[in-house]
Amino acid sequence: MLIELNDIRKVFNQGKHNEFSAIRGISLQIEPNKVTCLKGASGSGKTTLLSMIGCLSRPTSGRITLGEQNISGLPERFLTDIRRHTFGFIFQKFNLIQGLSVLENIMLPAYPLGTPHEALMDYAHSLLGHFGLSRLSTSPVEWLSGGEAQRVAICRAMINDPEILIADEPTANLDSKLSREFMGLVDDLHQSGKTVLITSHDPIVFDSPVINRVVEMCDGQVLKDEPCY
Amino acid sequence: MTKFIRKQRYLIDFTLSSLLRRKTKNLGLLLVYTLIVFILASVMLFTHALRSEAGIILQESPEIILQRMVAGRHALMPAEYLEKIGRVRGVVRKEGRLWGYFYDYATKSNYTMMAAPDKGLSNSEVIIGAGIARVRWLGIGDFISFNSFDGKTYTFEVKEILDSESELVSSDLVLMSETAWRTTLGVPEGYFTDIVLSVRNPREVSKIAGKLTLKLPDTRPILRDEILRTYDSVFAWRQGITFVLLAGAVLAFVIFAWDKASGLSAEEKREIGILKAVGWETGDVLHMKFWEGGIISLSAFMLGYLAAYVHVFYGSAVLFEPVLKGWAVLYPEFHPVPFIDGMQVATLFFFTVFPYTVATIIPIWRASITDPDTVMR
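So the sequences go chain by chain: A and B.
The first sequence maps to residues 1 to 229 in my numbering.
The second sequence maps to residues 1 to 377 in my numbering.
One chain only, chain A, in its complex shape (with noise of 0.2 angstroms):
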């Protein structure tokens, strides 16, 4: 599914003394099937935009269509929906429910769905498998090693089979090993078919050969915009 961005902005506090446009206009075409890295230094606006992007927030002015849906301008209930059945985060700390078990944590977002139990169980457990966690299913997350937490994170975004998988700085809390596992990952879900977007800032990820596409972000708009080969 293809996603459009055109003339994108997002100011905060809009009319106020501390008013911030952390989005200056920006126009992209972010192609189905592709791993595409928004890269750009801390306060750049590539969380802003990818937020957006994912149906977490509206923009203040101009227009995101995914496929053929003009989505900017959809009351929460609809963004909520399309959410859910297309996008599948992976958050910067993770952001686990601690206390909950490594299986229940998965299927959280596919709880308002009331999808049969026993066909998530199953697909929960098929992607344990798929991400060598089996023997952790019923372990407390806060149990976890950082990469660990971050397959269960994967696996998470992954419950409800999004065709779009959204990473905030995946490895700002991973160390090289752990980050290259993590690109690795990527390069799976990429072959699987899922469109895959990542902000980082580490060259870990933007160097890495299997992003398609770097989109460099300075100051609220894009700084340069380039394929990989």
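In case anyone wonders, no lab produced these hints; they're calculated from the structure.
Virtual Cβ for every residue (Gly too), placed ideally from N, Cα, C.
Treat the hints with caution; some may be incorrect.
[Unchecked claim] Okay, the calculated beta carbon distance ranges per label pair:
hint, chain 1, residue 1, chain 2, residue 2, range
1, B, E267, A, E19, 26 to 34 angstroms
2, B, T357, A, D188, 29 to 37 angstroms
3, A, F20, B, L20, 41 to 49 angstroms
4, B, W365, A, K177, 39 to 47 angstroms
Given chain A, work out where chain B should sit, using these hints.
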């Protein structure tokens, strides 16, 4: 529909595991909540039981009691007044009663002394209430002495102890023959304490009472309905006093619930943000929190009500006996008949579950409308 039910089951599952994750906090809340319901339910159940029990017992009492008044005070009733009343249409029975009080220094308590000619007691036999038997350690065949009005001591054999069914009104009762009664309490022949009349048709009671007042202007008729009303208001008053005393506890609970709810921890707020980011709607979060509140308040309500039921109907309401029954010394051992009144349950439910829900819903709603992108920042 099945999808909706499955979704609710998932939400309940998640809620239960959330409650277990914050065991100490939630168990504390459940305990305080249960205690409040228990106390309120105990007072309500017990007062209601007392009222209906008193009502049942008084149903068998005569419809009219006639007392003679001298200088505005209750005085002895001359026996000839029975003749003066004559034949009143509708009255099926009239008789003079002999009753009074006896203060027992040994137990520092008052007994109600009553002549019971129909019990076939000899002049040296008495029947006593269960309360007296308890404080004086008496059984059937034992002896009890009373000092008479003129300083003499008379000893009586206990022939029978009144059963506990009617203990609410018979705990402090002593029944004896008419002669023994007059000898002990010093009321001469030809006088009664009052006169009781039984009326066939309850609707004629006030009419008959009016006729009696005209025939015997120095008497006052006391109607059974008036006594029932007095009992009712006495018990209602006691219930009210108890509730006022408990108001502090209820207020403390409301503050506790408000604090618990409005003080959603940073951890809980973060969790709500994560749930919204991974695809939960505001409505899903509210549903989940609704189940959380529902599970806590319903569990507390049921546990509290059940504990109160056991406390009142199987434990004789040991915690509230003194204040609610109001007997001075001889507390009756009273076993009310178990019952559940739908209206009462609904009232209690409204006054305990509703304030909790209201106290918790607004802060939860405010947390649930958090922007889902907060977890990205």
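Point to revise | Hint numbers contradicted by this structure | key: 2
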